[in-house]
Structures are given as structure tokens and as C-alpha cells.
Amino acid sequence: MRHLIEKVRKQQPLIHNITNQVVMNFTANGLYAVGAAPVMAHAKEEVEEMAQMASSLVLNIGTLTKEQIDAMILAGKAANQAGVPVVLDPVGVGATTFRTNSAKRILKEVNVTCIRGNAGEIANLAGVETEVRGVDGSSDTDIQQLANLAFKTLQVPLVITGEEDVVIDRDTRVSVSNGHPLLTKVTGTGCLLSAVIAAFLAVSDNVVEAATDALSYYGVAAENAADQQGFPGSFQIAFLDQLSEVDGETVNKKKQLTRSS
Amino acid sequence: MRHLIEKVRKQQPLIHNITNQVVMNFTANGLYAVGAAPVMAHAKEEVEEMAQMASSLVLNIGTLTKEQIDAMILAGKAANQAGVPVVLDPVGVGATTFRTNSAKRILKEVNVTCIRGNAGEIANLAGVETEVRGVDGSSDTDIQQLANLAFKTLQVPLVITGEEDVVIDRDTRVSVSNGHPLLTKVTGTGCLLSAVIAAFLAVSDNVVEAATDALSYYGVAAENAADQQGFPGSFQIAFLDQLSEVDGETVNKKKQLTRSS
Amino acid sequence: MRHLIEKVRKQQPLIHNITNQVVMNFTANGLYAVGAAPVMAHAKEEVEEMAQMASSLVLNIGTLTKEQIDAMILAGKAANQAGVPVVLDPVGVGATTFRTNSAKRILKEVNVTCIRGNAGEIANLAGVETEVRGVDGSSDTDIQQLANLAFKTLQVPLVITGEEDVVIDRDTRVSVSNGHPLLTKVTGTGCLLSAVIAAFLAVSDNVVEAATDALSYYGVAAENAADQQGFPGSFQIAFLDQLSEVDGETVNKKKQLTRSS
Numbered sequence: 011m012r013h014l015i016e017k018v019r020k021q022q023p024l025i026h027n028i029t030n031q032v033v034m035n036f037t038a039n040g041l042y043a044v045g046a047a048p049v050m051a052h053a054k055e056e057v058e059e060m061a062q063m064a065s066s067l068v069l070n071i072g073t074l075t076k077e078q079i080d081a082m083i084l085a086g087k088a089a090n091q092a093g094v095p096v097v098l099d100p101v102g103v104g105a106t107t108f109r110t111n112s113a114k115r116i117l118k119e120v121n122v123t124c125i126r127g128n129a130g131e132i133a134n135l136a137g138v139e140t141e142v143r144g145v146d147g148s149s150d151t152d153i154q155q156l157a158n159l160a161f162k163t164l165q166v167p168l169v170i171t172g173e174e175d176v177v178i179d180r181d182t183r184v185s186v187s188n189g190h191p192l193l194t195k196v197t198g199t200g201c202l203l204s205a206v207i208a209a210f211l212a213v214s215d216n217v218v219e220a221a222t223d224a225l226s227y228y229g230v231a232a233e234n235a236a237d238q239q240g241f242p243g244s245f246q247i248a249f250l251d252q253l254s255e256v257d258g259e260t261v262n263k264k265k266q267l268t269r270s271s
Numbered sequence: 011m012r013h014l015i016e017k018v019r020k021q022q023p024l025i026h027n028i029t030n031q032v033v034m035n036f037t038a039n040g041l042y043a044v045g046a047a048p049v050m051a052h053a054k055e056e057v058e059e060m061a062q063m064a065s066s067l068v069l070n071i072g073t074l075t076k077e078q079i080d081a082m083i084l085a086g087k088a089a090n091q092a093g094v095p096v097v098l099d100p101v102g103v104g105a106t107t108f109r110t111n112s113a114k115r116i117l118k119e120v121n122v123t124c125i126r127g128n129a130g131e132i133a134n135l136a137g138v139e140t141e142v143r144g145v146d147g148s149s150d151t152d153i154q155q156l157a158n159l160a161f162k163t164l165q166v167p168l169v170i171t172g173e174e175d176v177v178i179d180r181d182t183r184v185s186v187s188n189g190h191p192l193l194t195k196v197t198g199t200g201c202l203l204s205a206v207i208a209a210f211l212a213v214s215d216n217v218v219e220a221a222t223d224a225l226s227y228y229g230v231a232a233e234n235a236a237d238q239q240g241f242p243g244s245f246q247i248a249f250l251d252q253l254s255e256v257d258g259e260t261v262n263k264k265k266q267l268t269r270s271s
Numbered sequence: 011m012r013h014l015i016e017k018v019r020k021q022q023p024l025i026h027n028i029t030n031q032v033v034m035n036f037t038a039n040g041l042y043a044v045g046a047a048p049v050m051a052h053a054k055e056e057v058e059e060m061a062q063m064a065s066s067l068v069l070n071i072g073t074l075t076k077e078q079i080d081a082m083i084l085a086g087k088a089a090n091q092a093g094v095p096v097v098l099d100p101v102g103v104g105a106t107t108f109r110t111n112s113a114k115r116i117l118k119e120v121n122v123t124c125i126r127g128n129a130g131e132i133a134n135l136a137g138v139e140t141e142v143r144g145v146d147g148s149s150d151t152d153i154q155q156l157a158n159l160a161f162k163t164l165q166v167p168l169v170i171t172g173e174e175d176v177v178i179d180r181d182t183r184v185s186v187s188n189g190h191p192l193l194t195k196v197t198g199t200g201c202l203l204s205a206v207i208a209a210f211l212a213v214s215d216n217v218v219e220a221a222t223d224a225l226s227y228y229g230v231a232a233e234n235a236a237d238q239q240g241f242p243g244s245f246q247i248a249f250l251d252q253l254s255e256v257d258g259e260t261v262n263k264k265k266q267l268t269r270s271s
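Residue numbers (this note's numbering), protein chains in the order written: chain V, 11 to 271; chain Z, 11 to 271; chain Y, 11 to 271.
Looking at chain V on its own, in the form it has when it is part of the complex (with noise of 0.2 Å):
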């Protein structure tokens, strides 16, 4: 089957980022590196018009604050309305209250269509967190563990990132070992899956296997890049290179995936 980057690339959905002031401009060029149309907008004046005239929406709260977190819940009102996928991207939920409360708000008043975090993020989103041991230096049993907790409360599709990746929707589960350990060394390269996420939900409506394409496609471009660069400045510039040289034929031979149900 052909890997869904070659949709996107055809297609050039335009993603509607609402995100955080840290990674604006990576998540931009990493979203135009795959093939996508980047555009960020956050007044209340604007964000419904521009949600639904989006392909996708990212909701992103690295640098949250009250007026922002109301121009999300417009937008993505106004994103369900238009039937225009909704990516949820709960940057350090559980590190403070206004972050915790701020993503629980949204997914209440938001229809979203998946959430992509970390294990922490997303333990602490669902309230497992006390369930769950050794999150950080978490198991691959303790991954399987906490995704099959995390959906059981949150009932959205959910992308946990770390060392391996985890797919989790109602019947289906896919882990994803692709990637490279020198992306927790740039800033943002989380912000920026789950904007090539939302890319990928836009030329797709399986979430699975959206996100899966997302997934094994960015961590292909990263092992590449890793295989030119061992340092962050010039392996962050290197993955922007990569996400726009890596073909889906690569990606496909090149992927490592398992799947359970």
C-alpha cells in the first residue's frame, strides 16, 4: 500500500496551528518540509474562519494562556462544525494546575480527534498516573499498560511518544520503533508530530493509520538525518532536509511496526 506521505504531498492540506510561541517557527517549516501548508492564527476574530477553511486543526498549550486556551475551544467548535480533524497536543500537562485544567477544559468542549503526547502528558491528562509506575523510565509493558488505561478514560485516539510509539484506538493498537534519540535534543520535534499528524488526518479518516503513516514516516527522516548529523543545530536542519527528501517507498522499507487488537 502506498504510505500516506505521497497524499499529503499531492494534496497540500492547509493546517491551522494554534500553538506555542517556542515552536511556531519549526513546526512552520517542518510542516512546509513535508509537504503541507502552514498557518498560524490565534485572535477569537479569526480562529473559526480560519479552522474551517483549514484542512486540520493542532491545539497545542506549550505556552498556554486564558485568552488562548478560549480562542482553541472557538476554534475547535468550529472545527467539529466543519467536520475538520482536531489534533490535541497537551505540552506539560501535570507540571501545573492552569496546564492540567486548561486540556481537560478543551477536551470537554472539543471534539478531538486524537491526542499526541508523552507518557507523562498523557497519564497525567487521564488520571492514571498514580496506576502507572516507572513512566520516565517506563517499561515497554508499562507503554501497552498506561495507552490501554489512558483511552479506557479518555475515549480519544490516542499517540504516546517516547522510546517506542503507541497508536491506541478502540480495537487497534500499533507500536511504532522508528526514531532516534537525538529528536529529544531539538526543541519542538514533539509540537511538529503532532502537526504532520493533523497533516496526515487530513488525507485520511483512519486515525490509526494516519498517525502510524505520521509516525513511521518522521522517524524515518530522523534516523536519516541522524545518519548525517550527530549533533542538535546541524540535525535539526538535517530532519528538516529529510522530512522533505524521504520518499514513502523508504519509509515503507525502512519502518518497524507491530500490531495488536
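No wet-lab data here; the hints were simulated from the structure.
Among the clues, some could well be false.
It does not matter which identical chain is used: a pair holds within one copy or between any two.
[What the hints assert, rightly or not] No farther apart than 16 Å at their CA atoms in a straight line, the calculated lysine to aspartate or glutamate pairs in the EDC-like style are these: (1) K54 with E77; (2) K17 with D215; (3) K195 with E255; (4) K265 with E233; (5) K17 with E219; (6) K265 with E174; (7) K17 with D257; (8) K76 with E119.
Based on the hints, put chains Z and Y in the right spot on chain V.
Positioned in the frame of chain V, the structure of chains Z and Y alone reads:
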């Protein structure tokens, strides 16, 4: 005649940017590479003071808010009083009502020295979108026609960028054919160009000359960078290097201009 | 004695940045390269909680607003209560009244561990600008004199950066001569340095030692990067790489310090 880039590098004008959050870093680094000095400030409490000490002011509505537009108008009026040139970059005008109205509000309250946008933005700003066909996959004729119609309505010198760039003022029209498609794969290259035009306006009272020299310099730097790097991550870095490296003599040799009146 | 960079890399301190929008991405990537962990958060609802869980707090007024200064003061007071070191970067003080007053307000309400700025900023903050001549094209003597006068007024450990950097506390004054002029061609290198000093303060109670080690490490990384790349785009990337690569032994060999008391 010596290219104005030499004068910019000698005078190192201070460029006050009220710009969008996506491109702030790239704009500041780009202006440093050009040889100018960037300053970013958007609080209503200080924008007037900052604009009046600057050599040029850039108003870019890419991630506008109501408060930011208010600050832009304060800064713009202060710049007008002090004789500081003002460049407007109407990012995304036409995409939402709020953007279109905000750009028009700025034009009504501030005397803008020059507007820089792509064909779609300029057409929407001038309200001539229905009269020009094929703006996106536009032919040269369309762009020239758009320039004439938009200038007639707006009565402000315009820089319309695309495959071919057009500078238009009351009595002059210049087309610049330098540049490279990779510029469209890096976020903020249009926004940085607006800031670079502002830097050139700081060293010349002739708007058409300043904009034309800014365009040829910028385009040649992009061509040189694309000779070195073919992917967007590396191209972005090579482009910053070339903005710093390319000299006026080289630009004069490589520039491709067509003048009409 | 082992250089403190080794301790920073071992402890990976969490640095809470309330900083300007121009440098957020570069600061985060720089802190990762150093071996620290960045977090950016500026909402008044969460800054106290975040500051108290951090190892250090950075207050940088580069793109200040009234709301952001309020948040900085909340965060600063919370940091003070929790014994978390606070670095103030008074970007652009002297350029506008709002900047100068805001920095002074922070100093009045928050116990700042260390201030990092260039000669002009420190002189303006201390109100000694009329007593020091030639701050911009300043001689070594001027900088030393400025350091003495400014410390006398401000009574806070100071790091004054320029061609030669000076660290001054009650009983000690150290000059550091490492670094490279290309640092002045990349936006945010001063701001990142303030964050790096914050990371070093997180692993040492001795402010002069922490700041001096941060300066020598930062300067040697810049020298190494400039050996590899001569233009600002590529230099920026090489510098991030060197922040990650350079070790304490190398810094100890190359550092150029002059102590006086």
C-alpha cells in the same frame, strides 16, 4: 551605480518590527545578515518611542490580535510624525474578515510608505480580486494588470512578489525576476523581505529604487544559496549566509530587471 | 578544578524562562545543547507553580508587555520563596521609558541573583550612563569602571558582556576574554547566555564561579564554532553543536580569565 546594499551595510539602520511570532527569530537573524539592526517591540506603552528612534518601521499582521493592531497604529502614527518610513506586510489578507479589516484600518490611519505582499494579498487588500483571474497560477500579464489596478485603488507604492516581482509607483513599474522556488519552502521569507525593504528604505528616499535594490539583492542571495543547497533546512541556513556574503557588485551583475512606465 | 559544565550536564537542571518571543526557540535549543532542560511558561495562572519546581528562573524583558512583567514578578517572588536562583536580562533598557521602568520594578520586587546585560543596558539600569564615557566603543578601563559604579548602585552580582566580559560581586571581579564577534551577528546569543548562566547557577551557590564558568564555556564554544563557520547562518548551527560537544577539559585549557578583587 552602486547597489544600495552597500549603503545599508555602512549605515546599519535600526529596523523596528511589529511582526508575527512565527518569523521573529528569522527576521532578526536576516536583518543582522543584511547588515541592519533589528528591534522587536509591540507593547503599546513603548512602540511610539521605539518607532521614532528607528530608521524604519515594519508592520506585519501574520499573527495579529486586536491589541497588536492598536499598537501598530500607535507606532505607525509616531513613525509618520518623525518621518520614519513604514512598510506594511498584509499577511493572509483575504483569509479572514479580521485580517482584511485590520489591514484596511492600518492603511486608513497610517501613511504607509510601501506595501509588500503576494498577488492574493494585494488583490484582496485592494478589493480587486474579482477583476483579476488566475492570481495563483498567474501569468505575467495578470500580475502587471493586478499591479496597475491595485495601485489605482490603494495609491501606495506596492511590491507584489511571486515568480516575478513587481514594484509599482505612480510613474514607474519595475519587474524583478531574481529569486528561487526554495524561498517558498521556508517560512517567513516574504516577511523577512518586507523587513529588508524597510532597511533599504532607511537609506534611500526613492521607494522604487529602494524596493528594486532590495528585491534584486534578496533574489540573488537566494539563487546563490540554492546553488549550494537543494533542501529547505539547509537552504534556509545558506540563504542567511548569502544575505551576509553577497556584495553589491555581484548583485548588479546578476540582477534581472525590466523597467516600464 | 572540574568545570561546572560537567555538573550541569549531569544534573540537567530545569530552567524556567519567561523570555522574549524572538529568542524562545533558540534559547530552548541552546539549553538542550548545554545539557539543561528548558521550560517556557508565562501565564499568570501558572508561573508561580512552574518557577517553584524549576532549578532556575530567567526573566528577559526583550518583548515585554505589562501582563508579562506582572507574571515575571509573580514568578520571581515564588522563586525567591523556594530558593530558586533568578537571572534578569534587561534587554533594551534605556531604549524606552517602559523598558527602564519595568526592569527597575522587577529589581524592586524580586531578589535577583544576577543581572546579565551589555554595557549600555547595565549603565542605563544603574543610572550611571552620564558618568561613563564611550560605553559603546568602550575601552577596558571603561568597562571596569562601569562594573564598579553599577554594582555600587544596584548591589546585585552583575555580568556585563561585550568584547571582554566582566563578572562583579562584592569582593570579586573577573574578566573573561573568550568569545567571538560572530556572536553579535546572531540574534539571542546574549539572551541564551543569560539562560546558560541560570543553568550554571542551578548547580553552584557561588554566583561568581557559576557566571565565570558559564562565560568561559560559552565563549570557547563560540570560538570553536567560528573556527568551522564564517557566516552567521552556519555559525548559529555550529555554535549549537559546539555547546553540545565542548567538554570541561577543553574549556579549562582555552579559558582566558583575569581575576581582581
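Hint by hint, here is what the structure shows:
Proximity of K54 to E77 under the C-alpha cut-off of 16 Å is found in both arrangements, the shortest distances being 8 Å within a copy and 12 Å between copies. Within a single copy, K17 and D215 get their C-alpha atoms as close as 13 Å, which meets the 16 Å cut-off; across copies the closest is 49 Å, which misses it. For the homomeric pair K195 and E255, the shortest alpha-carbon distance between copies (13 Å) is at most 16 Å, but the shortest distance inside one copy (22 Å) is not. Taking CA atoms no more than 16 Å apart as the test, K265 paired with E233 passes inside one copy only; the shortest distance there is 11 Å, against 36 Å between copies.
Taking identical chains as interchangeable, the C-alpha atoms of K17 and E219 lie at most 16 Å apart only when both belong to the same chain, with a minimum of 13 Å there against 44 Å between chains. In the homo-oligomer, the alpha carbons of K265 and E174 lie at most 16 Å apart inside one protomer (12 Å), although the nearest pairing across protomers, at 41 Å, exceeds that limit. Taking the shortest Cα distances, K17 and D257 sit within 16 Å of each other inside one copy (11 Å), while across copies they are farther apart (42 Å). Taking the closest pair of Cα atoms, K76 and E119 come within 16 Å of each other only inside a single copy of the chain (15 Å); across copies the shortest separation is 25 Å, beyond that limit.
In the structure shown, no violation is registered for any of the earlier numbered hints.
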